[in-house]
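**Q** Quick note, the sequences are listed as chains A and B, same order.
Quick note on numbering: the numbering used here labels position 8 of the first sequence as 8, and the sequence is numbered without any gaps.
Quick note on numbering: the numbering used here labels position 285 of the second sequence as 285, and the sequence is numbered without any gaps.
Keep in mind that the hints are not guaranteed to be accurate.
Claimed, not checked - Which residues of chain B face chain A? A few of them, derived with a C-beta cut under 8 Å, are: (1) Cys65; (2) Gln67; (3) Asn154; (4) Ala165; (5) Leu168; (6) Ser182; (7) Ser185; (8) Ala254; (9) Ser260; (10) Phe291.
What the hints assert, rightly or not - Restricting the straight-line Cα-Cα distance to at most 20 Å, the calculated cross-link-like pairs of lysine to any residue (SDA-like) are: (11) Lys297/B with Arg133/B; (12) Lys136/B with Gln156/A; (13) Lys39/B with Thr84/B; (14) Lys179/B with Phe291/A; (15) Lys273/A with Trp320/A; (16) Lys280/A with Lys297/B; (17) Lys136/A with Leu284/B; (18) Lys174/B with Gly176/A; (19) Lys283/A with Leu284/B; (20) Lys283/A with Ile239/A; (21) Lys96/B with Phe291/A; (22) Lys179/A with Lys204/A; (23) Lys273/A with Ile293/A; (24) Lys174/B with Lys299/A; (25) Lys136/A with Trp320/A; (26) Lys273/B with Lys297/B; (27) Lys179/A with Leu284/B; (28) Lys203/B with Asn154/B; (29) Lys225/A with Lys297/A; (30) Lys35/B with Asp55/B; (31) Lys136/B with Ile239/A; (32) Lys297/A with Glu88/B; (33) Lys96/A with Lys179/A; (34) Lys179/A with Glu287/B; (35) Lys299/A with Lys273/B; (36) Lys297/B with Ile200/A; (37) Lys63/A with Asn79/A; (38) Lys280/B with Pro175/A; (39) Lys225/A with Glu186/A; (40) Lys108/B with Asn154/B.
Simulated from the structure, these hints should not be mistaken for lab results.
Virtual Cβ for every residue (Gly too), placed ideally from N, Cα, C.
There are 2 protein chains.
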Amino acid sequence: MALIDLSRQVALGVDIGGTNTKYGLVNHRGEILEKGNLKTDDFPEVQDFINALYDKVSPLIMKYCGQRHFDGIGVGAPNANYFTGTIEQAPNLHWKGVVPFARLMTEKFEVPCKMTNDANAAALGEMMFGAARGMKDFIMITLGTGVGSGIMSNGQLIYGHDGFAGELGHTIVKPGGRKHWSTGSEGSLEAYASATGITITAKKMRAEFPNSMLNNYLEEDINSKVVYECATKGDPTAIEVFRYTGQKLGEALANFVMFSSPEAILLFGGVIKAGDFILKPAKLHMERNLFPIFRNKVKLVFSELDEADAAILGASALVWENESPGFRKY
Amino acid sequence: MALIDLSRQVALGVDIGGTNTKYGLVNHRGEILEKGNLKTDDFPEVQDFINALYDKVSPLIMKYCGQRHFDGIGVGAPNANYFTGTIEQAPNLHWKGVVPFARLMTEKFEVPCKMTNDANAAALGEMMFGAARGMKDFIMITLGTGVGSGIMSNGQLIYGHDGFAGELGHTIVKPGGRKHWSTGSEGSLEAYASATGITITAKKMRAEFPNSMLNNYLEEDINSKVVYECATKGDPTAIEVFRYTGQKLGEALANFVMFSSPEAILLFGGVIKAGDFILKPAKLHMERNLFPIFRNKVKLVFSELDEADAAILGASALVWENESPGFRKY
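Only chain A is shown next, with the shape it has when bound in the complex (with noise of 0.2 Å):
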């Protein structure tokens, strides 16, 4: 029997956003061979997205190993669940009800599948490639237009009974509080820690300190980077709009870590990229509101990689990692 050469293996990393869809072939050291990316809003119907990908990536697959060397297909995407290999109900693509993708994929690419949704396929990315390196027991935060999550527990991802565990955006950090704009629910993290919710912060904050500079900006071109940019400059309002962002933030964390009591918090997502005017108020009230014995132990830590990278990195490495029970061949 002939000892296969791994470093030879490849997978394709696939991470599905509402707009934009990037893909990447990866070795078994996680480096990126070749990437691109299609728009996926391009595409109403499910078959001609998988048909379009397929005559992207399949010259590439046989520039870099051919099909005896493409150990299969790992997919990052909205409501995934890896369960059942399905992307289900998701709001923000064209493709509506459960859509059977894993299946469809395999069909066309002759490999196999596996799905997971976008926060989880970072969590393993990190955990495999990047700051989580080693890590057995984190939580993966993402910070972006929503706040997703990935949790990892015992070295394998926690997907609950349907596959759809990991919502912290979703838990209600301020019951009664601010309603959120598409789930009606109120007080939720997503609705204060999201670009989004501080947006909405923002635009409160300046209309009660009317020397704030951000003042100076029409009302549609709020936004976090703007908040981020005033913050820079010292204007006390915007830094304020990002301390009470990380307060919310950390008393979220606080409550996660009591949970599952993780060596680390990675945040990610362009939030992150207001630096200590998030960290440090979100490290304040997350250790302020943790029992004793979890004080002073938990890192809280950006993410190592780029983001684009992560994803396309986290679902490659659904290929290679060993499949979690409850994991459904179909």
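Once you have looked at the hints, place chain B on chain A.
**A** Below, chain B alone, put in the same frame as chain A:
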């Protein structure tokens, strides 16, 4: 090679509380062959406690199975650490600091000893012999003098990085809310949903409603049992005490569901005697705060096991379960 007759194998389950310790010899079918107890607080020195336990238990071992068929000891105790077999800084025990309890037990009894905290032991008991039979993902909440929890994910207890995961009683349900009498935290689940919390709520509410039956009692006689008696007699204030408690509990449960997406939440402990007075509002407010994909999926049920038996059974189950990753033999 002779086959081992599993039905003859016996384990000792021990449940250590601040005041009382209960123990039982348990066979593989989850039948308690004989049980007993001793006063924990009669023994300021841990070795004296272990010697006394040995003197009580060793005649039973000889009677039922003999040392050859005695497989081991499982212990549930406050602040017990599964990984290290130690009891650490337990506020309600005489034994201070870090006590190497499992090692001391093994030295005395000459069989392996495994430990976990009391709520985790109860969760194991429910999975093997109670309402969670066949479930791989569930959360156990114990509502007693305090609020404890055990979290089962993928058929394994979540221990976390340090062995202390699952302190859900200390998660904050109302930021800036009621100050906890012992930890000093503000607005924790335990401050509202424990028997102690219910007593505080009842004292506040009866002051607001002079006509309440609760005002027929002396201040020091108010407790959750009295509130239950008044509720069954139709006192609206007593009913409101449980409704408010159930609301706070339900809001917390919603957050727990969005973390680990369990098949069921099991409630356990003295407070569940309040029945539907607390279960109905808990269910209502859990569902109301859930992200849509989790709604109407999670069973909210009471434990099926007798309280004393559950702890003994759960502790004994440690002996026969697979060792979780991270378990360290000393």
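**Q** Determine which of the earlier numbered hints do not hold for this structure and return their numbers in increasing order.
**A** 1, 2, 6, 13, 15, 16, 17, 19, 23, 24, 26, 28, 29, 31, 33, 35, 36, 37, 39 and 40
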